[in-house]
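Using this note's numbering, read the sequence shown as starting at 1430 and increasing by one per residue.
Some hints here could point you the wrong way.
Distance condition first, Cα-Cα at most 27 Å in a straight line; then the derived DSSO-like pairs of lysine-lysine [claimed, not checked]:
id : residue 1 : residue 2
1  : K1743     : K1727
2  : K1729     : K1650
3  : K1516     : K1650
4  : K1748     : K1730
5  : K1730     : K1749
6  : K1653     : K1726
7  : K1751     : K1727
8  : K1574     : K1643
9  : K1573     : K1610
10 : K1525     : K1610
11 : K1574     : K1729
12 : K1458     : K1491
13 : K1650     : K1730
14 : K1547     : K1567
15 : K1726     : K1748
16 : K1643     : K1522
17 : K1491     : K1457
18 : K1650     : K1574
19 : K1464     : K1491
These aren't lab readings, by the way, just hints derived from the structure by calculation.
Small disclaimer: the values here were computed from a predicted structure and weren't measured.
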Amino acid sequence: MKKVSPKKRLYDMKQFRYRTRRHKKIRKKLLMRYKKRQKYIKGISYSNRFSKKDLLEKKKFKCTPPSYFSFIESTDELIEYFYRYEKALSQGKPVKFDLTDIDQLGFDALSLLHGMVKHNDSKRTGCLISGSLPNNEKANSLFKKSGFLENVFSTIKTEHIQGGMIGNYTERQVIPEYARKVVDMLFESKSNIPLLFPRLTECMANTKGHTTCKWWLTYYKDTKSSYVCFFDLGEGILNHFGHTEKKWGIQVKADHVKTIEALLNQDSKYLNGVFSSTRESKRGQGLPFIYQFSFDKKVKKAILISNTVKVDMKEEKYKKLKNNFHGTFYFWEIDHAN
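Work the whole structure out from these sequences, hints included.
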């Protein structure tokens, strides 16, 4: 048997200890990685465990919506909700509209959500936009019946989408035919056409001045009432004009609330030309002309939201908002009985 020198034996022992320590470290590192992976994949289906889909899902920006998902009732909350998503999209993040926990869903908010999704679609932003349906049975039913899923990519089977409950048009120009179609579909009586039709065309005309974006016209009808929404996602009426007033001898930007007060009080000197798309006093009255329609006995509710002001045109009340809505939003609820 060959003798091993003491030096060689010592060297082999050192190598053995070194390898043992190194292997221990590697095993510990692999074990930690395994535990981390197990924690992450817990609850994920086996078929999708190692797909890129799940990694993307983890990176998606999510935000809790208000339980009452209505732009009219939860205005400030929804402005902040949509602002966060637009900020995430501008940073190149994929986003997910998680509506699973909402209790009530309004036609107005659903219309605005549709406009937001189409305005920020993946072709324009390069970001993936996805979402989830409400768990609430009534809200879920309205979502599926609305036709929203027909206008976006969806994995839900077509036979489960009833659609057609909410109609919508979108354009950049004044298209009177769209306004006439909406009026014809909503009302059997032609007496409503002279009232609503010119207001819708005036809304279209007003967008030419204060936005380069598309406008959206949506409508919905149930047994008791008809609902109409018109909105754009541009600069907003009040921000666009940038009119000024004298304060302590200095020209400063006029307060949005004062502008709305002038609107409610029909201050013709203050409003004439300012809110008209042509800025000619002889032609249309702009917002005052739209505002007059809210006093008709058929109109149950008339709301205007633009920038930092929300106006109940029917009740002649206004509210200053905490958040700035970059756009203009009109909503009318019209009674069938009258």
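Hint-by-hint comparison with the structure:
1. Restraint check for K1743 and K1727: satisfied, since their Cα atoms lie roughly 11 Å apart, inside the 27 Å limit.
2. Taking the CA atoms of K1729 and K1650, the gap is near 14 Å; set against the 27 Å cutoff, the hint holds.
3. Annotation: proposed proximity of K1516 to K1650 is violated, straight-line Cα distance about 34 Å (limit 27 Å).
4. Of the pairs offered as hints, the one joining K1748 and K1730 holds, with about 16 Å between alpha carbons and a cut-off of 27 Å not exceeded.
5. Pair hint K1730 plus K1749 holds up; C-alpha atoms about 19 Å apart against a cutoff of 27 Å.
6. For the suggested pair K1653 and K1726, the alpha carbons sit about 15 Å apart, so the restraint of at most 27 Å is met.
7. Distance check on the hinted pair: K1751 and K1727 sit about 32 Å apart at the alpha-carbon level, beyond 27 Å; violated.
8. Between K1574 and K1643, the direct Cα distance comes to roughly 24 Å. Compliance with the 27 Å bound is thereby established for this hinted pair.
9. Proximity of K1573 to K1610 is assessed by CA-CA distance (about 23 Å); at most 27 Å being required, the pair is judged to hold.
10. A distance of roughly 34 Å separates the Cα atoms of K1525 and K1610; the hinted pair therefore is violated under the 27 Å criterion.
11. Between the alpha carbons of K1574 and K1729 the distance comes to roughly 24 Å, so the proposed pair stays at or under 27 Å and holds.
12. Between K1458 and K1491 the CA atoms are separated by roughly 32 Å; this puts the pair beyond 27 Å, and the hint is violated.
13. For the suggested pair K1650 and K1730, the alpha carbons sit about 15 Å apart, so the restraint of at most 27 Å is met.
14. Proximity of K1547 to K1567 is assessed by CA-CA distance (about 24 Å); at most 27 Å being required, the pair is judged to hold.
15. Of the pairs offered as hints, the one joining K1726 and K1748 holds, with about 23 Å between alpha carbons and a cut-off of 27 Å not exceeded.
16. With a C-alpha separation of about 24 Å, the suggested pairing of K1643 with K1522 holds against the 27 Å cut-off.
17. The hinted pair formed by K1491 and K1457 fails the criterion: a straight-line CA distance of about 34 Å is larger than 27 Å.
18. Under the criterion of a C-alpha separation no larger than 27 Å, the hint pairing K1650 with K1574 is consistent with the structure, at around 12 Å.
19. At most 27 Å may separate the alpha-carbon atoms for a hinted pair to count; K1464 and K1491 meet this at roughly 26 Å.
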